[in-house]
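**Q** Letter by letter, the chains look like this.
Number of protein chains: 2
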Amino acid sequence: MSTNAEIKFGPFPITKQFYLVLTHAVHQVFLKTQHSFGVVNLKPILPGHVLVCPLRPHRRLTDLSAAETADLFETVQRVQRMLARVYFKTDRPEDGGSFTVAVQDGPESGQTVPHVHVHVIPRVAGDMGEGEAVDEIYVKMASEEANVGGALWDVTRRPEPGGGMPRVEDACREPREPADMHAEANMYKEALERVQ
Amino acid sequence: MSTNAEIKFGPFPITKQFYLVLTHAVHQVFLKTQHSFGVVNLKPILPGHVLVCPLRPHRRLTDLSAAETADLFETVQRVQRMLARVYFKTDRPEDGGSFTVAVQDGPESGQTVPHVHVHVIPRVAGDMGEGEAVDEIYVKMASEEANVGGALWDVTRRPEPGGGMPRVEDACREPREPADMHAEANMYKEALERVQ
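Residue numbers (our numbering), protein chains in the order written: chain A, 3 to 198; chain B, 3 to 198.
Incorrect hints may have been included.
[Said to hold, decoys possible] Calculated pairs, EDC-like style, for lysine to aspartate or glutamate (alpha carbon to alpha carbon, straight line, at most 20 Å): (1) A:LYS91 to B:ASP65; (2) B:LYS34 to B:GLU192; (3) B:LYS91 to A:ASP65; (4) A:LYS191 to A:ASP93; (5) B:LYS34 to B:GLU76; (6) B:LYS45 to B:GLU70.
[What the hints assert, rightly or not] Anything over 10 Å on all C-beta distances counts as not near chain B; from chain A, calculated: (7) HIS29; (8) LEU33; (9) THR35; (10) PRO49; (11) HIS51; (12) LEU57; (13) VAL88; (14) VAL103; (15) ASP129; (16) PRO180; (17) ALA181; (18) ASP182; (19) ALA185; (20) GLU192.
None of these hints come from the bench; they were simulated from the model. Virtual Cβ for every residue (Gly too), placed ideally from N, Cα, C.
Turn these sequences into a full structure, and let the hints guide you.
**A** Laid out in structure tokens, this is it:
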């Protein structure tokens, strides 16, 4: 693995200040654990589409320590319970809907930001239309907007999606205002207090 | 969660004998850990497409204990290192290619078999063609063939894919012979002995 100094997350050099920048400047982070954080999106594919990431800016899933790996996916589960409460109105995720949980682990699989991030996307019947449109979620997941922490991005410096993935320009997915994302993050913070 | 007695994995009622059936009758399992196992596919989407599952037949990711969750994703990482050695010819996955790592967590996200399974799919540039064809991997992942442990299935009883996902009938993905799958499983077992 290359040294951290060579890695950027959007316009931000990834340094020990990374997390501070993310939390205090952007207000999109709704959860921080010992090794992980959860962040809302600038252009969620579906309502509740969030990212769960390790605090350390690892490029690849195989770079995480055992403690970081355990914490990352326990955080995914906790976020699923929270999202189930918010979007499915239930304490039991299996009663209300499903989740797409996916990691694009490397550029050939569609990863654009070289910082491991787990997509967690609440799913309900018909949410992406019927027939082949259902799978459009994966096309959108491969777009650069779905990979980012929203306002972190300098639009002049966004990378093209890797792996030959098409760039999705969807008029229905307008970037949101920072205040909207902050409000969403706050809603999730409150909901997290009510789940294990 | 419903009682286990109501759950089937393909034609097999899921009982405490589940794992024994899987290992001794089918020969597709290439790795068993304390809480997880890895299994080859009847119709892999791409070479090296395997599934990593908890030994206990949990329906949903949020049903796994902390120990099971940690073990499941540590096993995913170990399998990635093994697949990198076999398919990318490197000990460092990031040097050779990428991975699609995905869980369809519930029927509305395309899960057909009610037993948590993590798809681990090696990816290299151009492996799914160019342009929009790149994302065809997700359409195929939603097909019933990609969700199964191969010969476990009684073709007369295969469920239709959930969540409105299209059924993929790809002439290039003929079911393999049990001996071929057994040979693949053995190749992975040997490769696992050389990775951490």
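**Q** Give a verdict on every hint.
**A** Hints versus structure:
Our distance criterion of 20 Å between C-alpha atoms is met by LYS91 of chain A and ASP65 of chain B, whose separation comes to about 18 Å. For the suggested pair LYS34 of chain B and GLU192 of chain B, the alpha carbons sit about 13 Å apart, so the restraint of at most 20 Å is met. Restraint check for LYS91 of chain B and ASP65 of chain A: the C-alpha separation of about 18 Å stays at or below 20 Å, so the hint holds. Only pairs whose Cα atoms come within 20 Å are accepted, and LYS191 of chain A paired with ASP93 of chain A is accepted, the gap being roughly 16 Å.
For the hint pairing LYS34 of chain B with GLU76 of chain B, the CA-to-CA distance comes to about 12 Å; that is within 20 Å, so the pair holds. Pair hint LYS45 of chain B plus GLU70 of chain B does not hold up; C-alpha atoms about 27 Å apart against a cutoff of 20 Å. Here HIS29 of chain A stays apart from chain B, with its beta-carbon at least about 27 Å from theirs, past the 10 Å limit. The claim that LEU33 of chain A is not at the interface with chain B holds, since no C-beta of that chain comes within 10 Å of its own (minimum 16 Å).
For THR35 of chain A, the non-interface assignment is confirmed: its Cβ lies about 13 Å from the closest Cβ of chain B, beyond the 10 Å cut-off. For PRO49 of chain A, the requirement that its beta carbon stay farther than 10 Å from each beta carbon of chain B is met, with the minimum near 14 Å. Every beta carbon of chain B lies more than 10 Å from that of HIS51 of chain A, the smallest distance being close to 12 Å; the non-interface claim holds. Non-interface status of LEU57 of chain A relative to chain B is upheld: no Cβ of that chain comes within 10 Å, the nearest being about 17 Å off.
Consistency note on VAL88 of chain A: stated as away from chain B, and its beta-carbon is indeed over 10 Å from all of that chain's, at 15 Å minimum. For VAL103 of chain A, the requirement that its beta carbon stay farther than 10 Å from each beta carbon of chain B is not met, with the minimum near 4 Å. Distance check for ASP129 of chain A against chain B: the nearest CB is about 7 Å away, which does not clear 10 Å, and the non-interface claim fails. Here PRO180 of chain A stays apart from chain B, with its beta-carbon at least about 30 Å from theirs, past the 10 Å limit.
Listed as outside the interface, ALA181 of chain A is consistent with that label: its C-beta sits roughly 31 Å from the nearest C-beta of chain B, beyond the 10 Å cut-off. No Cβ of chain B comes within 10 Å of the Cβ of ASP182 of chain A; the nearest lies about 26 Å off, and the non-interface call holds. A cut-off of 10 Å between C-beta atoms confirms that ALA185 of chain A is not in contact with chain B; the least separation is 26 Å. Listed as a non-interface residue, GLU192 of chain A keeps its Cβ farther than 10 Å from every Cβ of chain B; the least gap is roughly 20 Å.
Violated hints, in rising order: 6, 14 and 15; the structure is consistent with all others.
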